[in-house]
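Line by line, the protein sequences are chains A and B.
My numbering puts the first residue of the first sequence at 451, with every later residue one more than the last.
My numbering puts the first residue of the second sequence at 240, with every later residue one more than the last.
Everything labelled a hint here was simulated from the structure, so no lab data went into it.
These figures come from a predicted structure and were not determined experimentally.
Be careful, since some hints might not be right.
With a straight-line cut-off of 35 Å between C-alpha atoms, the simulated DSBU-like cross-links for lysine-lysine are [to be verified]:
#1 Lys841/B / Lys480/A
#2 Lys370/B / Lys528/A
#3 Lys495/A / Lys393/B
#4 Lys572/A / Lys393/B
#5 Lys394/B / Lys506/A
#6 Lys567/A / Lys393/B
#7 Lys394/B / Lys572/A
#8 Lys545/B / Lys480/A
#9 Lys551/A / Lys394/B
#10 Lys495/A / Lys394/B
#11 Lys480/A / Lys260/B
#12 Lys495/A / Lys358/B
Going by beta-carbon spacing under 7 Å, a handful of chain B positions derived as facing chain A [claimed, not checked]:
#13 Thr312
#14 Leu313
#15 Gln395
#16 Glu398
#17 Ala422
#18 Ile450
#19 Asn454
#20 Asn525
#21 Tyr529
#22 Cys531
#23 Tyr534
#24 Glu831
Ideal Cβ placement from N, Cα and C applies to all residues, glycine included.
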Amino acid sequence: MIKPVPSLCTGCRICEMVCSLAHEGSIAPKRSRIRIHSDWPEEEKILICVACEPRKCIEVCPEGALSWDGYLRIDEEKCTGCLLCREACPYAGIHTETSKKFPFFCDTCQGEFQCIKWCPTKAVVKVG
Amino acid sequence: MKFEFNGYAGRILEIDLTQGKVERTSLDWDLASKYIGGKGFAAKYLYDHLPQGCDPFGPENLLIFATGPLTGTLAPGSGRCIVSTKSPATGYWLDANCGGFFGPEMKMAGLDALIIRGKAPSPVMLLVDDKEVHLRDASDLWRKDTLSTHQWIKKQLGEEFRVACIGEAGEKRVRFANIISEARAFGRGGAGAVMGSKNLKAIAIRGHHPITIANPEYFMTICREAFNEMAIHPDSGGGRQKYGTNTILSCMNEAGVHPVRNFQKGIFQGRSAVNEEGIQEFYIRNKACYGCPIYCSKISEVREGKYKGAFVEGPEYENVWSFGAQCENTDIPAIIHAEYLCDLYGLDAISTGNVIGFLMECMEKEVLEERDLGFPLRFGDDEGIIRMIHLIGQREESAFLWGEGVKRIAKEIGKGSESFAIHVKGLEMPAYDPRGSTGIALAYATSDRGACHLRSWPIGAELLSADERIDPFSIEFKAEFVKSQQDLFTVINSSVTCLFTIFSLSLRHMVQFLHSVTGIESFSSPEEVLGIGERTNNLVRLFNLREGLTMKEDSLPIRFLTEPLKEGPCRGRVVDLETMLKEYYFVRGWDEEGRPKLETLKKLGLIEKER
Numbered sequence: 451m452i453k454p455v456p457s458l459c460t461g462c463r464i465c466e467m468v469c470s471l472a473h474e475g476s477i478a479p480k481r482s483r484i485r486i487h488s489d490w491p492e493e494e495k496i497l498i499c500v501a502c503e504p505r506k507c508i509e510v511c512p513e514g515a516l517s518w519d520g521y522l523r524i525d526e527e528k529c530t531g532c533l534l535c536r537e538a539c540p541y542a543g544i545h546t547e548t549s550k551k552f553p554f555f556c557d558t559c560q561g562e563f564q565c566i567k568w569c570p571t572k573a574v575v576k577v578g
Numbered sequence: 240m241k242f243e244f245n246g247y248a249g250r251i252l253e254i255d256l257t258q259g260k261v262e263r264t265s266l267d268w269d270l271a272s273k274y275i276g277g278k279g280f281a282a283k284y285l286y287d288h289l290p291q292g293c294d295p296f297g298p299e300n301l302l303i304f305a306t307g308p309l310t311g312t313l314a315p316g317s318g319r320c321i322v323s324t325k326s327p328a329t330g331y332w333l334d335a336n337c338g339g340f341f342g343p344e345m346k347m348a349g350l351d352a353l354i355i356r357g358k359a360p361s362p363v364m365l366l367v368d369d370k371e372v373h374l375r376d377a378s379d380l381w382r383k384d385t386l387s388t389h390q391w392i393k394k395q396l397g398e399e400f401r402v403a404c405i406g407e408a409g410e411k412r413v414r415f416a417n418i419i420s421e422a423r424a425f426g427r428g429g430a431g432a433v434m435g436s437k438n439l440k441a442i443a444i445r446g447h448h449p450i451t452i453a454n455p456e457y458f459m460t461i462c463r464e465a466f467n468e469m470a471i472h473p474d475s476g477g478g479r480q481k482y483g484t485n486t487i488l489s490c491m492n493e494a495g496v497h498p499v500r501n502f503q504k505g506i507f508q509g510r511s512a513v514n515e516e517g518i519q520e521f522y523i524r525n526k527a528c529y530g531c532p533i534y535c536s537k538i539s540e541v542r543e544g545k546y547k548g549a550f551v552e553g554p555e556y557e558n559v560w561s562f563g564a565q566c567e568n569t570d571i572p573a574i575i576h577a578e579y580l581c582d583l584y585g586l587d588a589i590s591t592g593n594v595i596g597f598l599m600e601c602m603e604k605e606v607l608e609e610r611d612l613g614f615p616l617r618f619g620d621d622e623g624i625i626r627m628i629h630l631i632g633q634r635e636e637s638a639f640l641w642g643e644g645v646k647r648i649a650k651e652i653g654k655g656s657e658s659f660a661i662h663v664k665g666l667e668m669p670a671y672d673p674r675g676s677t678g679i680a681l682a683y684a685t686s687d688r689g690a691c692h693l694r695s696w697p698i699g700a701e702l703l704s705a706d707e708r709i710d711p712f713s714i715e716f717k718a719e720f721v722k723s724q725q726d727l728f729t730v731i732n733s734s735v736t737c738l739f740t741i742f743s744l745s746l747r748h749m750v751q752f753l754h755s756v757t758g759i760e761s762f763s764s765p766e767e768v769l770g771i772g773e774r775t776n777n778l779v780r781l782f783n784l785r786e787g788l789t790m791k792e793d794s795l796p797i798r799f800l801t802e803p804l805k806e807g808p809c810r811g812r813v814v815d816l817e818t819m820l821k822e823y824y825f826v827r828g829w830d831e832e833g834r835p836k837l838e839t840l841k842k843l844g845l846i847e848k849e850r
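Based on the provided sequences and hints, a complete structural model is requested.
Structure follows, in structure tokens:
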């Protein structure tokens with residue numbers, strides 16, 4: 451899974467761009483499943499699902515819409531968009547965007563991890 | 240022809256601050272294919288719409304923010320956009336370029352350009368939240384420094400907003416005030432003062448529009464290749480990552496072109512302390528602009544001593560010079576504090592250091608007295624530098640003149656001070672002595688915005704490249720070199736990406752990026768793309784000529800033409816500008832007085848702009 455190393459993050463957002471290119475086919479950082487948070491002069495934070503355990507997101511979902519199979523999956527039939535999962539995530543790894551009805555999060559790019567491939571400083575690395 | 244706006248947002252927003260009116264227009268195909276974006280857009284728009292001879296501080300002046308088709312994309316260094324206006328420093332063309340995150344956010348808010356005219360009756364901020372555009376009262380923000388302004392806006396509106404704002408210097412129309420975005424600046428030439436003259440304190444932008452790419456798979460492939468090339472290049476993957484722009488400090492000093500005491504000398508004896516290693520001790524982390532693998536920005540902090548608490552994204556080479564060698568100051572914490580204050584006041588650090596060094600020489604030569612400044616200002620006086628920055632930034636009546644820039648100060652005080660007022664066309668000079676680089680001499684003299692190292696940077700090729708034909712003392716090839724580099728840099732400033740990528744990439748990469756992002760067929764031709772740079776530079780020249788520029792101002796301060804350097808590798812040298820300038824006009828297709836010839840304008844498709 452992905453391990454963020456925020457001390458190496460320069461805040462360049464290349465991860466956000468390649469993530470959105472991989473999933474949306476366009477450059478849309480706010481729809482990226484990995485998000486860099488910065489508020490000058492604060493240091494950057496890397497916000498992504500790190501596959502933690504226990505998975506509070508799954509536990510708190512009142513509809514049972516979330517499950518785990520190698521990565522977090524969502525059943526959009528069941529999801530009501532209540533966003534309790536987002537609130538429960540200790541890593542702020544569950545994201546939303548105005549144009550999207552459902553929350554979204556890292557799906558590992560079929561194990562290809564585009565963000566890891568492109569990060570110029572190795573501020574996101576693969577572990578396990 | 241159907242124009243799908245790949246790379247572009249497709250929309251231009253025009254704001255009239257006097258009437259509070261907002262108008263949206265669509266980007267037109269012809270503009271995009273003839274000028275790319277950024278600087279090219281602004282050149283076309285200013286040329287067509289700015290009334291001749293207008294007062295830079297008058298409501299009729301325009302302030303144009305423009306992105307280009309590569310802004311916000313995966314093309315390396317895509318975090319940039321430009322602002323363009325008639326400069327209050329020169330009275331001529333100005334485009335100032337800023338990194339960080341403002342440009343990409345503009346694009347994602349659906350804007351290729353934001354054109355601001357008029358003057359608000361009272362201080363306002365402009366809020367753009369996707370399609371929503373509002374002017375808000377900003378009385379509470381007036382007099383706030385740039386960091387407090389950012390923090391106030393983000394607290395009120397949300398952290399996702401990106402901000403460009405002015406500080407006190409812009410409000411008070413200091414002629415070298417910058418527009419600041421987070422820790423970066425639209426630098427040089429006084430765009431911040433123009434924004435202040437319009438009563439516009441800040442612009443806050445947020446957008447959710449995706450940026451579409453004409454050929455995403457191919458684009459990703461060539462970006463991947465470019466990233467790989469940059470990672471192993473000694474500049475982008477080496478010195479610039481390690482030291483930031485300070486990577487050239489020792490090199491410039493050893494070449495004898497690192498100006499000391501207001502360009503009286505070219506070697507800084509204090510360099511044993513003020514070199515890249517010395518500066519590096521203050522770096523606490525790396526920072527990158529949006530989309531950049533180089534991360535040349537370094538965050539520096541002063542942790543102890545009288546300047547404790549100062550922190551900057553920098554200090555950059557130019558500012559290490561302007562508050563270091565230029566003022567013969569060896570105190571690095573003072574340099575960091577000086578840049579920190581410039582950011583807060585929204586002052587251009589190159590021009591500010593120039594003004595201070597100039598005033599120091601005025602004191603040295605007894606052109607000014609203690610009572611003129613209110614205190615004794617001597618070379619090497621770090622506390623004097625800091626005191627002057629406060630005086631310039633706050634610009635009380637008694638210190639008004641110091642905010643006018645060296646050209647106007649010298650004119651006002653006279654007594655021979657014009658001979659050491661170091662500027663071209665009214666813009667103060669950056670950190671390279673033209674007596675040791677014929678290339679930079681020509682670059683300064685012919686730059687569209689006055690003494691500038693970012694319209695062409697031949698000194699890099701002269702001192703750092705292996706190409707022996709490019710000799711720093713020879714005038715051979717310089718006209719051709721400067722001309723073609725100016726055209727290439729204008730392509731980059733129109734696209735808009737960072738100039739620092741071009742030291743490891745090339746025109747070939749720019750063409751590949753532009754073509755695969757936009758799908759515009761003519762962008763697949765290097766000749767066509769470079770021709771757009773040439774077209775834009777000629778249009779800007781026509782703009783400057785219309786504003787009254789003559790060849791007399793394509794010149795250098797008299798110091799460089801008559802006073803030889805006294806030591807180091809450039810000992811005994813002065814600049815032979817006249818020969819190079821003649822050649823430059825010739826290769827540009829301009830007449831002997833520096834005016835584009837009819838046939839040149841015809842060739843560039845500018846014929847309808849006949850003088």
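### Task
List, from low to high, the hint numbers that the structure doesn't satisfy.
1, 8, 12, 15, 19, 24
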